[in-house]
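Engineer: As a plain string of letters, each chain reads:
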Amino acid sequence: MLATNNKYVGLLYLSPALLFVAVFVLYPLVQLVMISMTSESLLGGGEFVWFDNYLLAFSDRSFWTSFWFTVRYTLIITPILMVLGFLLALLTMQNRALNQIARGVVFLPVVIGLASSSLLWVWLFDQQVGLLNKALVDVGAIEQPMVWFNRAHLGMTAVIVSVVWKVVGFGMIIMLSGMQSISHEIVEASMIDGATYWQRVRRIILPLSARAILLATLISAIGSMLAFDQFYLMTGGAPRGQTFTSVYWIYQNSFVYFKLGYGSALSVILMVVIMAGAALQIALQRRGESA
Amino acid sequence: MPHVELKSLSKQFGTVEVIRDLSLAIEAGEFCALLGPSGCGKSTLLRMIAGLETVTAGNVVIAGRDVTQVPPAKRQISMVFQSYALYPHMSVRQNIAFSLEIAGAPKAEIAEKTQKAATLLQLEPYLERKPAQLSGGQRQRVAIGRALVRDPEVFLFDEPLSNLDAKLRVQMRLELAKLHQELATTMIYVTHDQVEAMTLADRIVVLDAGRIAQVGSPLDLYHRPENKFVAAFIGSPAMNFLPAAANGGEGRAVSVDLAGAGSLSVETRHDGAGKTSGTLELGIRPEHVSPTAPADPSAVIDGRISMVERLGNATILYVDTAAGNIVVEDESESEARIGDAVGLAFEPGRSHLFAADGRVI
Ligand SMILES: Nc1ncnc2c1ncn2[C@@H]1O[C@H](COP(=O)(O)OP(=O)(O)OP(=O)(O)O)[C@@H](O)[C@H]1O
Ligand SMILES: [Mg+2]
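Those protein sequences? They're chains Z and S, same order as listed.
Quick note: the first sequence uses UniProt numbering, first residue 1, plus one each step.
Quick note: the second sequence uses UniProt numbering, first residue 1, plus one each step.
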């Protein structure tokens, strides 16, 4: 009697959260999948077309070009973010006043909007007035101020620089929380055992913050797979659509070409790929831990 | 030459002085306990010996070498932490072998030393387990094994048994004593548990607020405390302290007046102490007071029992007297009941007199 009662009471407690998830996650998701099976246009209309959009997507060269570009971007920027974040966390691990200031400074750009920071960097990279070009010319790294956004790899480099500046603090904070949960005495025990600083980092701190590193990697990789603002504002897809990311291409289809149904199908494909990637990463970590 | 020597050590955290001008010499092979109440600086002192805490002033000498500026790994010490501080991601074997592996010892040597430590500490069945899969006592043994394989000059222990339950603590205490007998390595052992210190140590250093209150053998501290702090800290139930007024004496004997009692002659430690005057405190341990019939000629003071605790092997009586509450430990199976009137006899030669500044006279 009491047990059944408790079950309903428990559900009652959960209901606000469940309602929130239903309204803001489940409903849009179902809606997305439904639209993806229609030929709906942004202007309305359209009919149910079953899996036509998905079949179309698999032969859409531009989509797969944008997809592989996004994958490449993710594979390049994630290690940079994680290594830098880890080193910054390591550097500011002790709770000294100077470290706390340093953490604050590194973390500050995280709370700026990505769009604002991208615009900021557009100006920094500008050929005419950009500080960066001037600095590079002054130190003699280049002879002429250069245009950064007319070649794909330079455009990607510029985006990576700006995004690293903006989000490196996020990974740092997550890894910092992992490192600070390691007991002081464990680190001290390894000091007595004769481990040098880097041996301590490799044998004690790195494995014991593995979970925080995985979390930071997942969040960061998913964020990169969903990259849009930075490319939209900095490269505009130039040159010739070579710096279109997946989401950018979905945006183009949905809101520039008005093909809402098709854009939705692409979104569903991207979501499934990202979820599979995340699941694989977590599974690998689990196996590593139990070994 | 002492094996570990602390010369005028001081430690400040900001403006707070935690260790004050402390000097101590520990002989090779000695089991030395650092004993004191919580917050008196025991851990800080041990960590300074280990090199985990910087020294504000003074020197640490280990095996004839000044190691004040030497990092922990090069001090030839091993330390066992209160929390065990085992590496949670490594197996027992890896935990024990870690220091050897770091030092680049040959594989055969690592295997041999690990095996030896595991055998000595009965850890062989658990070598492939992770620390989380061990009981408290087993974890403690792994921590000791990890300290053992380094062949240190000195073992440092920081309250290694305080996370164990009472029964296991007694068992591990015996194992530690056996270990010390077998290895005969110098050991410095921090504890706030006087029973641990008394049973394990050759010599006890009692710390009071960062200073040494007294250094001596367990029985020395028990029978000849040099000050009220040590007298009160050692022994359970704690020593009774009664206000006393000195009124003359002869040689070492001082005659004191206790409230509600007659004059009492107490033998002091030093010649000429008989000339002491003024307000003193008389200290006597509960086991040196025995109940008698009220107004018995041997009774020093009369009182009324306010509480009785029967422990089986002894009975603790709390007696209200004109001089204050006196705790009595009666070895016989006492028939005493609350409210009974009793006389209290003091065993001759067992009373201590403390001056107003707490020092024994
Ligand atoms: N890092 C620190 N910064 C400031 N004060 C400290 C620090 N470490 C210890 N102290 C202070 O130094 C004093 C002694 O601490 P310590 O840890 O040596 O005590 P302890 O005798 O080991 O006590 P316990 O029996 O509780 O472990 C305490 O008052 C403590 O607050
Ligand atoms: Mg302590």
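Treat the hints as calculated values from the structure; they're not laboratory data.
Keep in mind the model is a prediction, meaning the values are calculated, not measured.
Some clues are possibly wrong.
Partial chain Z-side listing against chain S, Cβ under 10 Å, derived [unchecked claim]: (1) Q180; (2) H184; (3) M191; (4) V201; (5) R203; (6) I204; (7) A210; (8) L214.
Chain S residues, not near chain Z, derived (Cβ > 10 Å throughout) [stated by the list, open to error]: (9) P88; (10) L174; (11) Y222; (12) E226; (13) P297; (14) A314.
Computed beta-carbon distance windows for the label pairs [said to hold, decoys possible]: (15) S:V70 <-> Z:G277: 46 to 52 Å; (16) Z:Q180 <-> S:G278: 53 to 59 Å; (17) Z:S181 <-> S:G349: 53 to 59 Å.
Positions of the beta carbon are idealized from the N, C-alpha and C atoms, including for glycine.
Engineer: It remains to establish, for every hint, whether it holds in the given structure.
Structural biologist: Comparing the hints with the structure gives:
With a least beta-carbon distance of about 16 Å to chain S, the hint placing Z:Q180 at the interface is violated under the 10 Å criterion. Checking Z:H184 against chain S by beta carbon gives a least distance of about 9 Å; that is within 10 Å, so the hint holds. With a least beta-carbon distance of about 5 Å to chain S, the hint placing Z:M191 at the interface is held under the 10 Å criterion. A hinted interface residue such as Z:V201 counts as satisfied when its beta carbon comes closer than 10 Å to some beta carbon of chain S; here the least separation is about 13 Å, so the hint is violated.
Given hint, Z:R203 at the interface with chain S, holds; its Cβ is 8 Å from that chain's nearest Cβ, closer than 10 Å. Checking Z:I204 against chain S: minimum C-beta separation of about 7 Å stays under 10 Å; hint holds. The interface hint given for Z:A210 is met, as the beta carbon of that residue sits about 8 Å from the closest beta carbon of chain S, less than 10 Å. At a threshold of 10 Å, the smallest CB-CB gap from Z:L214 to chain S is about 14 Å, leaving the interface hint violated.
Not every Cβ of chain Z is farther than 10 Å from the Cβ of S:P88; the closest lies at roughly 7 Å, contradicting the non-interface assignment. Against the 10 Å criterion, S:L174 stays outside the reach of chain Z, whose nearest CB is about 25 Å from its own CB. For S:Y222, the non-interface assignment is confirmed: its Cβ lies about 33 Å from the closest Cβ of chain Z, beyond the 10 Å cut-off. Interface exclusion of S:E226 from chain Z stands, the closest Cβ pair being 34 Å apart, more than 10 Å.
With 10 Å as the threshold on Cβ separation, the claim that S:P297 sits away from chain Z holds: the shortest Cβ distance comes to roughly 60 Å. Even its closest Cβ contact with chain Z, about 39 Å, leaves S:A314 beyond 10 Å, as expected for a residue assigned away from the interface. Evaluation of the 46 to 52 Å hint for S:V70 and Z:G277 yields a pass: the beta carbon distance comes to about 50 Å. Taking the beta carbon of each, Z:Q180 and S:G278 are about 56 Å apart, inside 53 to 59 Å as hinted.
Between Z:S181 and S:G349 the CB atoms are about 58 Å apart, so this pair conforms to the stated range of 53 to 59 Å.
Violated hints, in rising order: 1, 4, 8, 9; the structure is consistent with all others.
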